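Participant: Chains as they are written, first to last, in the working numbering: chain A, 4 to 79; chain B, 25 to 241.
Source of the hints: derived by calculation from the structure; they are not laboratory data.
Since the structure is predicted, the reported quantities are computational estimates derived from the model, not experimental observations.
The C-beta atom is built at its ideal place from N, Cα and C for all residues, glycine as well.
Treat the hints with caution; some may be incorrect.
Claimed, not checked - A partial selection of chain B residues facing chain A, derived with a Cβ cut-off under 7 Å:
1. VAL60
2. GLU100
3. ALA157
4. PRO158
5. LEU234
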Amino acid sequence: MLTCKELAALVTDYLEGRQSFLERMRFELHLGMCRHCRAYLQQMRTTIDTLGNLPEESIPPEMSKQLLDRFRDWKR
Amino acid sequence: MTVAQAQTTNGIASTDERALVNRLLAGDEAAFTYVVERYHGPLIRFALLFVATRAVAEEVVQDTWVAVLHGLPAFEGRSALKSWIFGILANRAKTRAVREKRTIAFSELSAPGDEDEPAVDPDRFTSAGGWSAPPGRWEQDTPEKLLLHRESLAVIEKAMAALPASQRAVVTLRDVEGLDAAEVCNVLDVSETNQRVLLHRGRSKVRAALERYMAES
Numbered sequence: 004m005l006t007c008k009e010l011a012a013l014v015t016d017y018l019e020g021r022q023s024f025l026e027r028m029r030f031e032l033h034l035g036m037c038r039h040c041r042a043y044l045q046q047m048r049t050t051i052d053t054l055g056n057l058p059e060e061s062i063p064p065e066m067s068k069q070l071l072d073r074f075r076d077w078k079r
Numbered sequence: 025m026t027v028a029q030a031q032t033t034n035g036i037a038s039t040d041e042r043a044l045v046n047r048l049l050a051g052d053e054a055a056f057t058y059v060v061e062r063y064h065g066p067l068i069r070f071a072l073l074f075v076a077t078r079a080v081a082e083e084v085v086q087d088t089w090v091a092v093l094h095g096l097p098a099f100e101g102r103s104a105l106k107s108w109i110f111g112i113l114a115n116r117a118k119t120r121a122v123r124e125k126r127t128i129a130f131s132e133l134s135a136p137g138d139e140d141e142p143a144v145d146p147d148r149f150t151s152a153g154g155w156s157a158p159p160g161r162w163e164q165d166t167p168e169k170l171l172l173h174r175e176s177l178a179v180i181e182k183a184m185a186a187l188p189a190s191q192r193a194v195v196t197l198r199d200v201e202g203l204d205a206a207e208v209c210n211v212l213d214v215s216e217t218n219q220r221v222l223l224h225r226g227r228s229k230v231r232a233a234l235e236r237y238m239a240e241s
């Protein structure tokens, strides 16, 4: 039986789909019985999703214009 | 005019993306502006992983665009446009970093170091390996709720900045920019296993920082 500590160490392998069928079964069996580990996995997923939604800075208009000039030169 | 969102699956350029590249090759200015606006922020973020100052990062990004134009006719669409552009930037930024003697931090890419860097503080488990201080449900449990608060954004940025450079690079490309594992291995020239180790460690630390913040607020 997988311990909570072991599960925490395997979360990325699980999310990356890098486990064998048996390893995955063991992982999911533990999850099914342990709400703390479900909470942990959920926190990890929220973290990943949030990282994927960070605001991006936009390009300064001046640089955008310079690049467009480059593009026009390149076209010729 | 709308430009279809470039989507990729497993690093294979989609037909939309092919169309976008064709428009760039045909000299379509709207398509170029779209690509530049879409990738500028991510490229600056990525360049800052390698070089020390914002000014140098901007220079490297400008150079990258010139190189992108130069290489575009030969772009075969075997990788996604985004990861191709990131690859060009990585090469330029690394060259620049070597000149500035800032390459040491990336030695971890080939040797992630201490095998025993736990994802969670060992003190939070009992000797039998069960949680003694279990994680709870976060009140802000979606990106929307989290990013509504300036503080949580600052917590994330601070946690990212505190990561070793190689972990920051992998987490940035994978989780922030959404490249897949194979693309990241390619762009950073890192093995599949090391990529996963660095991702695991980096993500785990960002999670821990958010958890601390959530417990305080």
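Participant: All the hints need checking, so say for each whether the structure fits it.
Facilitator: Hint-by-hint comparison with the structure:
| no. | hint | result |
| --- | --- | --- |
| 1 | VAL60 | 5 Å, holds |
| 2 | GLU100 | 19 Å, violated |
| 3 | ALA157 | 10 Å, violated |
| 4 | PRO158 | 4 Å, holds |
| 5 | LEU234 | 6 Å, holds |
In the structure shown, a violation is registered for the earlier hints numbered 2, 3, in ascending order.
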